[in-house]
Amino acid sequence: EAGVTQFPSHSVIEKGQTVTLRCDPISGHDNLYWYRRVMGKEIKFLLHFVKESKQDESGMPNNRFLAERTGGTYSTLKVQPAELEDSGVYFCASTKGDVPNEKLFFGSGTQLSVL
Amino acid sequence: AQSVAQPEDQVNVAEGNPLTVKCTYSVSGNPYLFWYVQYPNRGLQFLLKYITGDNLVKGSYGFEAEFNKSQTSFHLKKPSALVSDSALYFCAVRRYSSASKIIFGSGTRLSIRP
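Residue numbers (the numbering used here), protein chains in the order written: chain A, -8 to 106; chain B, 1322 to 1435.
Because the hints were derived from the structure by calculation, they are not lab data. Be aware that one or more of the hints could be misleading.
Keeping only pairs whose Cα atoms sit at most 35 angstroms apart, straight-line, the calculated DSBU-like set for lysine-lysine is [stated by the list, open to error]:
#1 B:Lys1379 - B:Lys1398
#2 B:Lys1390 - A:Lys45
#3 B:Lys1370 - A:Lys35
#4 A:Lys45 - A:Lys69
#5 A:Lys87 - A:Lys35
#6 A:Lys42 - A:Lys69
#7 B:Lys1398 - A:Lys69
#8 A:Lys87 - B:Lys1343
#9 A:Lys94 - A:Lys32
#10 B:Lys1370 - A:Lys45
#11 A:Lys6 - B:Lys1398
#12 A:Lys94 - B:Lys1343
#13 B:Lys1379 - A:Lys87
#14 B:Lys1379 - A:Lys69
#15 A:Lys35 - B:Lys1390
#16 B:Lys1390 - A:Lys87
#17 B:Lys1390 - A:Lys6
#18 A:Lys94 - B:Lys1370
#19 B:Lys1370 - B:Lys1390
#20 A:Lys35 - B:Lys1379
#21 B:Lys1398 - A:Lys35
#22 A:Lys32 - B:Lys1398
#23 A:Lys45 - A:Lys94
#24 B:Lys1370 - A:Lys69
#25 B:Lys1370 - A:Lys6
#26 B:Lys1343 - B:Lys1390
#27 A:Lys32 - B:Lys1379
On the chain A side, residues computed to face chain B include the following (Cβ under 7 angstroms) [unchecked claim]:
#28 Lys32
#29 Gly98
#30 Gln102
Cβ atoms here follow ideal geometry from the backbone N, Cα and C, with glycine treated the same way.
Chain A with its partners taken away, still in its complex shape:
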């Protein structure tokens, strides 16, 4: 069974540019989560999809971030325009259900560097 895959693994862009991160969850997993870890701090929740619907987007920093999950399969996270403080590691995770004690399956993350 393929795991959660994220692309690209690294992205270096200049301030003001646009970057799109992609996440392919495990097949059959309806729940998809985006997280971010900035400069050695805690891993922070960004948003949660159930299929194609946004269940919770309370962690999205501002309107420069746009997440989509058309068709309920893969998801994209676009940052436009990117700012220096957006640098960090963006993780995607998926689960089949949304039971509170269910473990998350994580991708290996996208390291975003905004210069």
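Based on the hints, put chain B in the right spot on chain A.
Just chain B, lined up with the frame of chain A:
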């Protein structure tokens, strides 16, 4: 509000010695508690979780964690460390509610010296 604290950025242990990685949490109501591990260039992997019942939880790779409700702690332990245990460890908490988010700590880097 939920929160998780991992007071140590780094823990250094000699191979063969016992190790402890500390975690304290704050949550209203009963918690679900988790430990995840991140090896270099890999995603986070689930190690173990506490749901209810026995306060000592056993997980992957010989790790265990002890839930202490009075101290609101969930420390990760292993009786005998291996060099291959060197990684980044994250503690996480979630409330007993499907509407709640899982909240992670800032991580502790565990370094095991031969």
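Hint check results:
no. : hint                  : in the structure
1   : B:Lys1379 - B:Lys1398 : holds (10 angstroms)
2   : B:Lys1390 - A:Lys45   : holds (34 angstroms)
3   : B:Lys1370 - A:Lys35   : holds (19 angstroms)
4   : A:Lys45 - A:Lys69     : holds (15 angstroms)
5   : A:Lys87 - A:Lys35     : holds (21 angstroms)
6   : A:Lys42 - A:Lys69     : holds (18 angstroms)
7   : B:Lys1398 - A:Lys69   : violated (39 angstroms)
8   : A:Lys87 - B:Lys1343   : holds (30 angstroms)
9   : A:Lys94 - A:Lys32     : holds (21 angstroms)
10  : B:Lys1370 - A:Lys45   : holds (26 angstroms)
11  : A:Lys6 - B:Lys1398    : violated (43 angstroms)
12  : A:Lys94 - B:Lys1343   : holds (20 angstroms)
13  : B:Lys1379 - A:Lys87   : holds (23 angstroms)
14  : B:Lys1379 - A:Lys69   : violated (39 angstroms)
15  : A:Lys35 - B:Lys1390   : holds (24 angstroms)
16  : B:Lys1390 - A:Lys87   : holds (30 angstroms)
17  : B:Lys1390 - A:Lys6    : violated (46 angstroms)
18  : A:Lys94 - B:Lys1370   : holds (8 angstroms)
19  : B:Lys1370 - B:Lys1390 : holds (15 angstroms)
20  : A:Lys35 - B:Lys1379   : holds (26 angstroms)
21  : B:Lys1398 - A:Lys35   : holds (25 angstroms)
22  : A:Lys32 - B:Lys1398   : holds (22 angstroms)
23  : A:Lys45 - A:Lys94     : holds (20 angstroms)
24  : B:Lys1370 - A:Lys69   : holds (33 angstroms)
25  : B:Lys1370 - A:Lys6    : violated (40 angstroms)
26  : B:Lys1343 - B:Lys1390 : holds (14 angstroms)
27  : A:Lys32 - B:Lys1379   : holds (27 angstroms)
28  : Lys32                 : holds (5 angstroms)
29  : Gly98                 : holds (5 angstroms)
30  : Gln102                : violated (10 angstroms)
Hint compliance for this structure: hints 7, 11, 14, 17, 25 and 30 are broken, all remaining hints hold.
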